[in-house]
Structures are given as C-alpha cells and as structure tokens.
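Taken in sequence, the protein lines are chains U and F.
Note that the first sequence covers residues 10 to 426 in my numbering.
Note that the second sequence covers residues 10 to 426 in my numbering.
Hints were generated in silico from the structure; no laboratory data involved.
Hints should not be assumed to be uniformly reliable.
No distinction is drawn between identical chains; accordingly, a pair holds when it is met within one copy or between any pair of copies.
Result set (DSS-like, lysine-lysine): computed pairs, CA atoms no more than 30 Å apart in a straight line [what the hints assert, rightly or not]:
{"id": "1", "residue 1": "367", "residue 2": "206"}
{"id": "2", "residue 1": "277", "residue 2": "295"}
{"id": "3", "residue 1": "180", "residue 2": "167"}
{"id": "4", "residue 1": "345", "residue 2": "359"}
{"id": "5", "residue 1": "245", "residue 2": "306"}
2 protein chains.
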Amino acid sequence: MLMKDFLANQAREAKDAARIMAGVTTEMKNAALMAMADAILARQDEIIAVNAEDVKAALEKGTRKNMIDRLTLNPARIESMAEGLHQTAALPDPIGHEDFHVTRPNGLKIRRVRVPFGVVGIIYEARPNVTVDAVALCIKSSNACLLRGGSEAIRTNKVLTDILIEAATSKGIPEHAIEFVAITDRDAVVAMCRLRKLVDVIIPRGGAGLITRVVEHATVPVIETGTGVCHIYVDKAANFDIALPVTLTAKISRPSVCNAMETLLVHKDIAADFLPKISKLMIENKVELRGDELSRKICPEMEIATEEDWATEYSDLILSVKVVNSLEDAIAHINKYNTEHSDAIITDDKDAAEKFQKLVDAAAVYVNTSTRFTDGFEFGFGAEIGISTQKLHARGPMGLEALTTMKYLVEGYGQTR
Amino acid sequence: MLMKDFLANQAREAKDAARIMAGVTTEMKNAALMAMADAILARQDEIIAVNAEDVKAALEKGTRKNMIDRLTLNPARIESMAEGLHQTAALPDPIGHEDFHVTRPNGLKIRRVRVPFGVVGIIYEARPNVTVDAVALCIKSSNACLLRGGSEAIRTNKVLTDILIEAATSKGIPEHAIEFVAITDRDAVVAMCRLRKLVDVIIPRGGAGLITRVVEHATVPVIETGTGVCHIYVDKAANFDIALPVTLTAKISRPSVCNAMETLLVHKDIAADFLPKISKLMIENKVELRGDELSRKICPEMEIATEEDWATEYSDLILSVKVVNSLEDAIAHINKYNTEHSDAIITDDKDAAEKFQKLVDAAAVYVNTSTRFTDGFEFGFGAEIGISTQKLHARGPMGLEALTTMKYLVEGYGQTR
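Construct the entire structure; sequences and hints are all you get.
Below is the structure:
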C-alpha cells in the first residue's frame, strides 16, 4: 500500500472513532486517563527498556547531546508523565459548555456549545513525553488524535501508544481514538497535513523548520506554535530593581525555551547607567552579548549585532542589545522583528505601559515582569498543548479549550424562510 | 515592478495602517462609516456610470446572465450599501472587550482582551456590494483590509474604494487602511495568500473553485467559507405539517445560496406516505428530483441519483432524495457527505433530536426548522462577513467578533521566573 493511502486509512479509522468520542462521558474520559497513568507506571521497565534502544540508535547516529537528553526516559520522567495524566483528569471537561444563547423574534432558540474538533493531528519531534501529553489532552477534549513523533523516538512512542490504547479501551474509549503514525519517512508529515475532511486540525510542535514545512504544504487548517523572538524594553522610567533581575532571568533561567528573551531594548536616556550593570550580570552568567553601535559605545565588550540578529531566536545564552530613542521606536522595532509571541516593558510610567500594551502586536504583552511567564501552567490553564503564535482560533498558551470548536444548536417548530 | 513585489508593497502599507488602526476610537470609526455612506449616496451617478462600463464589458465577453445581475448596480442597490454602512456603525465595537481575567498566586494580573487581526485579506468574486460590506466590517473591527474582487467588477470596485478611502480619511482613518488590489492577473490571488507577516488572515468568499485555490496555496491562515451541501432528515416521528413546508421552502426559497437544502433524507417507515406528498409539491415548484432506488420505487417520477449527487452542491432547483433505515443511517450519511455547514432533523421525538444534534458534525444543527436560517442577520449578529465551514476560530455565521483576535495583557512588579 502506498504510504499516502496507509495514512489516509489510519486517519479514516481515527475519524470513525472521533464520531464515537463525540458521545463519551466525562466519567469515561477521566477513568481512561487514570487507567493510562496506572498502565505506564506499571509497565515502566518495559518502556525504559524500549527507550534504551532508541537512545542507543541515536547515539550511534551521533545525535547531539541535548537531543539525546530530550529523548531519554527514566523513572522520574515516567512518574511525571503519569502525574500529567492525573492533572488532566482533574481539569474541568471543556465539552458541552454553552457560551451563547438567544431566542430570536421568530421563536428560534439558538445555542452555541463547545464540541470536539474531531481528529487532531499532532506533529512533533524527539520528546516522548509529548506523546503522553497530547493523548491526555485530546482524550479529555473528546478528540481522536493522529500522532506523528520524531523518528528518533519511534520505538518509545510505539510502546507508549500501545500501552495508552490498551488502558483507554479498557474504559470504553474506542481503539482508534489514538492513532500513532509509525512511518519515519519525512514525506509522511506533508501527506498528513493534506488529509482534508479526515483530519480537522494540525498542530505542529517543534522548531521553525518543522513549522515552515507544515505551513507550506498544509491544506488542513494549522495552529502554528512556538517560535519566539521575545523582547524586553527597559523604558527611561524603569525601576532598575525590577529591570535588572527580570531581564537577567528572562535570558538565563532557561534559554532554550520559546518565551526566553532574545533582544533587550534600552531607552537612550538611561542606557549609560543601565547597560554596564546588565552587561556585567549577563557576562557573569556566560551570556554572549551582541550590541548595536550605541550599546557598544557604552559597553565595548559587546560583539557587533547584525541585521540578522534582530530576527534570530537564539534559544541559547546569546542576547542582542539595542539602544532606542523613544518608546515609539521600541514599539516599531518589536513590531518589525517579533514573532508575535511575548514582549515586555519595564516602566513606572503608566501611560507608557498602556501605549506599549496597546500597540505591540503579540500574544502576550507584559508590564514590569518577564516574558518567561507565557506558559499554560503559569496562566493557570492546568495544561498546555503549545503556544500559538498565530491569530486564528487560539493565541498564546493553549489549554484544553483550544482543542475544541463550537456548534450552533437551533430549535424551532415549523419556522421557514 | 514584479506583481508579487507590488502586492507586498500594498500589504506593507496596509500593515503600517493597521498599527495606527489599533489606536483609533469607536467614535472615529463610526464617523468614518457614516461619511462613507454619505459619500456613496452623493456620488451614486458616478458609481453607476462606471459600473455600466463593467457591465458592458461583461456582456461583450458573453458572461452568464446571473453573473451580470450580481455585477449590476442601481440606485436601490447603492441605497442598500449605504444602509449596510449605517447598520455597521450602529453595532457595538468588538475591540477592547475583556473576556477573561485572573490574578495568579504570584501576583501577576492577567487579562485577555479582543484586538484586531491587523490586515485582513478578502478575496471575492463579482458582487461589488462585497467591497462595501468588507470595508465596513474591517474598519469597525479596527482592521486594515486588502481587497481583491473579481476582474469583472474592477472599475466599479476601484471607484467604490476611492470614494470610501476619501470619506474614511476625512474622519482620521489612515489612507492605507483600505487597500484595493487592482491586479486582474489570477496569480495575484495566489501571491496574496502567501504574504506571511504582512497579511494576518485571508477570507475567500466565493465558489468551491476559489476556496480550493486559496486553501491549496495559502501560507497565511485562512478562514474557509461558504460551500454548503445541507441536509434535512425527516424522521419517522416527524410532524408532516412542519416537514412539508420546511423542506419545500429550504429548497425553493433561494436555491442559489449555501444554506439551501441539497439532499432530503426520509425514514423508511414514513417514506410511502411522505415522499409522494413532497414530490408533488417540489415538482409543482419546478424542482428536479433525483432519488435512490427505494425513493424511486415510491416515486417513479424521480430521476436516478448517482454517488456524485450526494456530494453535490447544486445551488439550483435540483434535490437528491434518499430513504434511510434509521436515525443512525441518516447521521452516517450526513457525516459522510455534508460540508459541515448546516443540517436539520424534523421530528417530535426529543431523544432522536438530541442524538442528531450531538452526532451530526456541522456548524449549525437544526431541529424542526430550516437550514436556511444559517445567516448572520437571522442569528442576530447584525452583520456577516461570511459563513465559516471550518472549525478553527469561527464556525457558522461570522459577525464582527470573527474579525478580531485576542491578546493577553499581563501586569506584574518584578516577578521573575
């Protein structure tokens, strides 16, 4: 069978399962999530043994160290997966919630309720925990899922999904509600994005390369996630007691994540005072600084920032720095170079803060705190399937509700038009 | 200049205007809408004269009669455009509305507010009234718009947008908030759908061919609209006093629109009684009937329905008819062939109605009334930019809110992570 047809068959089975999922109860879903948690804990030795084969193969291929780290499972990580399943079970059910109703002059009763998408396609990279997270969130939102993880983790993902399916079906969830795409061929990603009418939405989770590939080829609607060129602007009215720790930690606490700061903008009136202080702190913490001309006049220890730097998500201990003439210049720079993810202003000037929040075009705009808070758990959503950097459907951290759509239910008695 | 670069320049100007639009007040927007209405009324002779050139050119090209009708303007139609502008001015401003807020344990105050998309690209066909509608809705929702109408209406659309821009700028709206793409080259549609970072969303309004072309090539997020293969299922517990007028009017009142019924499903237990009655009414109203085998046993006057018929949006006085064995069979047929637009059940059985509404996968699911009500005005939204047949962002009739996205505004004082 052709790869494309094989995938379409899998999606068709998921679609049939999705029709059944539209009718499952909250109790069934929660029981399935708890059974899945029990199963991965009970069978952790088996999971770890299979995972070791993936890790061995990756090492033999000379895979980078941080990728190996993401791939590797141990009892603590399996415990954390099980904990995630428990947490998802404890969340309120997003399905069936009525968010709008009206009775029209002609007597029609119109209600709008949250319903599942149907089949959610998730395309991700090496981390096996994404498999468990994605299944948990899709099942809790009554969706079927079609999962395509990175080829490095294929054995681990296969054993995980087998265990999850067995546990879920024991509580009445249809078998094909969880479909794992075991095709390592990269063309499978493209084929999956084009399964119109079978897959309802595609969520790519990974680097810019994966996202671009999906967006370029998809005919199924896509929710783009993840890339973050995040800015912090230190205004002339900034309190340095806030500006220094916020900017420092926004860079160093976890430089590999999408909500870390990549560019620091500083108002010219305070640059001579602020820049040497932050430069010293950053360098002490092994951050490489790349400044524009004005920054380098004050801090000659900085490397030269090029045009390319302003648009780069380093995901590393590197920071670009620029001195700006005004709040307006800061906003213009951000709107030119950001990825509409998260940007912040540090200021005690309420008007400046308000203008910044109004005019900066991003999913989350912060005042006097760090872009690092753009995260489903930090926002109190209790779960996160990703951070949307597009404006359709969901923007910013996506919780369970982002995995639902709505439906109008209209009742009449003989009205015609 | 290359067509692609020319388009990108237009979009860049629109994007700059969108930054300014993010700060305009409700009063400015409403004043602009009223000024636009005044202007098109005051200059209707000019508009009609230019429109006559488009109509003449279309006639010379041998354009179909119904297309000519859609293209032609007269004082009544211009009056109706002005009325649409007034109505949009009277609607509540969707921007700035706060729909979620929370204070987190660490003191972060998180608010979610409605904001404009930025630049909305609208690709449509011959009807010049879409130009005015689209401008009205985009301005009211603080978006800039990039409009690409059908080539048949190019002179009319050009004069209309010139007049609208002049009126809007007189009230402080930035000039480039309304950008009309005067390139008739069909490749302009493809180029426009690929202006990532310049255009925030693309809404195609038109036939299946246009929509497919946009979906196939777009890298900008798309809201699909319009195609409707709508079903009415007459259950065994149907009241014929409702079933007969609802199904008749759903087919004949305006067969060309997307919410008209295309397929009638009838439960086998009542088929021998119901089908002859509805067949007679339909034939009296010049509807061509195409039935499956069981329908044709009861009503031999029907033509033979083929597999293709079940998936066809006739947009004409043609109806496909099928006898089904059960409610479940009706639901399965609908989920296989519908375009997730609108479907209805006629029944006095509450359980059957509930099951149908739960399991049919469509934007609007009706009980005892007609699919023809899927319409922004009928739902009380006061305006409509189209009917979404996808599940992302908006589903069903899209009012002003569908032209907005949201933004998280987060305030702290020195919190780090």
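Results of checking the hints against the structure:
For the homomeric pair residue 367 and residue 206, the shortest alpha-carbon distance between copies (19 Å) is at most 30 Å, but the shortest distance inside one copy (38 Å) is not. Taking CA atoms no more than 30 Å apart as the test, residue 277 paired with residue 295 passes inside one copy only; the shortest distance there is 25 Å, against 77 Å between copies. For the identical chains of this complex, residue 180 and residue 167 are intra-copy neighbours only, at 20 Å inside a copy versus 62 Å across copies, given an alpha-carbon limit of 30 Å. When the C-alpha separation of residue 345 and residue 359 is checked against a cutoff of 30 Å, the pair qualifies only within one copy, where the shortest distance is 24 Å, while the shortest distance between copies is 56 Å.
With identical chains, the CA atoms of residue 245 and residue 306 are at most 30 Å apart within one copy only, with a shortest distance of 18 Å there and 84 Å across copies.
Hint violations for this structure: none, all hints satisfied.
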